[in-house]
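Chain A is already provided as a structure; the job is to place chain B on it using the hints.
There are 2 protein chains.
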Amino acid sequence: MSTKTITIKPELLGGFRDMLPGEAIMFQDMIATIRRVYESFGFVPLETPCMERWDVLTGNAKVEKSIFTARIARGIEDEKIANATWEQNYTLRFDLTVPLARVVAAYPDLPKPFKRYQIGRVWRGEKPQAGRFREFYQFDFDTIGSNSILADVEVIQVMYATMTALGIKNFLIRFNTRKLLNGLAELVNCRERASEMLRVIDKLDKIGIEGVLVEMQRQPDNEYDESALAFSAEQATAVESFLEIRGDSTQDVIAQLKEFFCGKSNVGEDGIREIEIIVATLRVLDIPEANWCFDLSVARGLDYYTGPVFETVLTDLSKLGSVFSGGRFDGLTNRFMPGSNIPGVGASVGVDRLLVGMQQLGLVTVKETLTDVLVTIFDQSDGALRNASLHCCAELRSTGIRTELYLGEDHTLRAQLAYAQRKDIPFVIIIGPDELRQKKAQLKNMSKRTQQVLTVSECVATICSLTK
Amino acid sequence: MSTKTITIKPELLGGFRDMLPGEAIMFQDMIATIRRVYESFGFVPLETPCMERWDVLTGNAKVEKSIFTARIARGIEDEKIANATWEQNYTLRFDLTVPLARVVAAYPDLPKPFKRYQIGRVWRGEKPQAGRFREFYQFDFDTIGSNSILADVEVIQVMYATMTALGIKNFLIRFNTRKLLNGLAELVNCRERASEMLRVIDKLDKIGIEGVLVEMQRQPDNEYDESALAFSAEQATAVESFLEIRGDSTQDVIAQLKEFFCGKSNVGEDGIREIEIIVATLRVLDIPEANWCFDLSVARGLDYYTGPVFETVLTDLSKLGSVFSGGRFDGLTNRFMPGSNIPGVGASVGVDRLLVGMQQLGLVTVKETLTDVLVTIFDQSDGALRNASLHCCAELRSTGIRTELYLGEDHTLRAQLAYAQRKDIPFVIIIGPDELRQKKAQLKNMSKRTQQVLTVSECVATICSLTK
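So the protein sequences, as listed, match chains A and B.
Quick note: the first sequence uses this note's numbering, first residue 4, plus one each step.
Quick note: the second sequence uses this note's numbering, first residue 4, plus one each step.
Isolated chain A (complex conformation) (with noise of 0.2 Å):
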């Protein structure tokens, strides 16, 4: 294209990453396994634009996330780019959830309850680190339109089904409800503060109990000090003896939590009721109580969640954090309909990291192709032989069996089964002279370092028998 000389380096933005066959045969599988999920529970695909307006996305408040905007570069050169068009309104999304509210709000005819599903990728702009990139995919659904309790307990259903169906056997379903969260904040008398409140708890498992009270405490360092939360002595201890809630059982921690509410919050009462619930139809459900546990540090950190909250661990790696979480959320749509209240729940997979904690178990393996069997070609400047192979193709490819016809540059054998054998391909097909007359090809079983002479067809039960 440029007829400069200038050498460009391939390398790629911080922050983002390329995914090669071998990892990306594995995401595939993966994201299919979970649209299977998903579907069987009734959700169908949803697809919105990467990039939306500003105001939709951010609602033209503050913006606490680190977002992309682009702009048009139309006909300019070079660097020069300050000069091109700006167009403020390009915003990246930076998860699938606003869109989703946006779509509610946009199409009113679409039948409620709306149960969708979207997988996609978001952008954010926060600094780089070990495995938080600036691009990632997330694999989102969400039912909108219902208030039923049981919309909730399908949350779990779906990790659940999702996780098994994922071939993972050592995970817990964590959940709590945010109502018992309101109501520690109205019980310890700091409503408008609740969000302040639920995010040092969220930090509990990094920093520990102390650390949750000596944060909740910390006096402004100066008057320009805004991170200082100030809680009084009281309330950090009111919130201290609702995380020393412990039991040996749900009905235990649900009995002490009656206590601790007793009279002095309805939404608190009302959350040990949601509880109390999600509890019991798990339990009629045979979901196994290995795999699900109530818990009462459970905040996620989004302020939009409403009731039940839920995340996923894998047990055997507690470092990875959460893979799998969301919750109930009641007024998404309020920036677009005010006051429409719409409700919905539902969760999203980080299926980038779920992918690398199951490369850590080694609950998948890298395959670097999907090919079936490689044919070679004998003799290039045979147009016989030639022929026979591209037959051959055709004829496996008819039968459902995903076939390469070897197209490399070093024509001979060596080369074509050392290609078969780099790629992993399990059966190679050779037609030489010999087989030709006979009408028929050799099969070489690539694992077994095994050959057969046989006809196509023999060849393709052979093939099918092993691979399906």
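Simulated from the structure, these hints should not be mistaken for lab results.
Errors might be hidden in some of the hints.
Identical chains share a label here; the pair holds if one copy fits it or two copies do between them.
Restricting the straight-line Cα-Cα distance to at most 20 Å, the calculated cross-link-like pairs of lysine to aspartate or glutamate (DMTMM-like) are [to be verified]: (1) Lys370 / Asp21; (2) Lys130 / Asp98; (3) Lys115 / Glu26; (4) Lys322 / Asp298; (5) Lys172 / Asp319; (6) Lys442 / Asp289.
Here is chain B on its own, set in the frame of chain A:
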């Protein structure tokens, strides 16, 4: 999130669009079919980021396309974007070919031939028009590192297999080779202006032979008029006689081309040999001649093509344009590795456009749901009935039946049936007190308006026999 009550319109940016479930389900089916075809030829998936460095994507050359660049808006309020951090390097990809070239250069150990497919969105800042968007999908496959003409033939095979797998019968794969066009440029003594000539020839379908000749010879209106090509009358005449080459058969056209180029252009004669091999191989493979044709007027606009070029049109929708196009390019990695000249050949399905075409032809129909059966809840306040419905759902799902539990706000049976009707869910299950007592369920076939009282296993058998 914001406490302000300014209502935001749930609008999209111009040139962007949603795919609601009805369309997204069709789209997903189409993608799955194309993916299976690509994989059947040994192509494997690759994923690259949506944003890349400016120099990587543009080669630091003049940008002819309108492209999007992005920056990070960090912690800014409302519309004060102007002061945000500007990181010029974030450029949104405008195709999947340049990222492929970067991958090939960045990972030299990838075994060659490297056969990859990739589906992804790309962005262009061009003015949105009917059917032309600023964000759209491409679904590419390419073979990198093979000079074999069989790799070119394989492009046609993949095109044929894809269209057939999608259930399209009336399509035509038109091909040519850039070598014939470069031979023409050599013959009319304008090799260094070959691409200008090609761009005019590419308009033949739109402006006719007369239009091509006029545009070729147009003199500048004034000294700033750079668009006038000002080819000589002799050059135009040679192009005319080239474009007028016609014949009753491919053999006939080839015979005329041999005469046209005889001894006058090596590259032209090379081109003839290429076409001869492609045609002979397509015949060996029995690809129906109704579905392909050698067509001298196919030029494909992109400068980087160096050999065979391909396009696919739906014969019943000639105005739609090509839905599947590609060609051979031999210098794409040169930007990163000067002189490497790694050969490549491939093509890209314009999936959005193809879906529009298939809808117009009635080859796909909108489905609002993938759900096979809706399980109602007879009485929300009756725990036993609710649990029976929950159990029934679990049992159906365990057999692979896509099952939705009714979660709507209106609990009447009429509303539950109306929901199934509205979403076109084929079956509804009702478990009332009678059915519960008999350990059975009432299965309603919504289209036939029939109902039977069956055990859940009998329901499974009936649903499977009619939906799979």
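Hints versus structure:
Taking identical chains as interchangeable, the C-alpha atoms of Lys370 and Asp21 lie at most 20 Å apart only when both belong to the same chain, with a minimum of 16 Å there against 34 Å between chains. Taking the shortest alpha-carbon separations for Lys130 and Asp98, only the intra-copy value of 17 Å comes in at or below 20 Å, while the best inter-copy value is 27 Å. Taking identical chains as interchangeable, the C-alpha atoms of Lys115 and Glu26 lie at most 20 Å apart only when they sit on different chains, with a minimum of 18 Å there against 38 Å within one chain. Taking identical chains as interchangeable, the C-alpha atoms of Lys322 and Asp298 lie at most 20 Å apart only when both belong to the same chain, with a minimum of 18 Å there against 61 Å between chains.
In the homo-oligomer, the alpha carbons of Lys172 and Asp319 lie at most 20 Å apart inside one protomer (10 Å), although the nearest pairing across protomers, at 53 Å, exceeds that limit. With identical chains, the CA atoms of Lys442 and Asp289 are at most 20 Å apart between copies only, with a shortest distance of 19 Å across copies and 58 Å within one.
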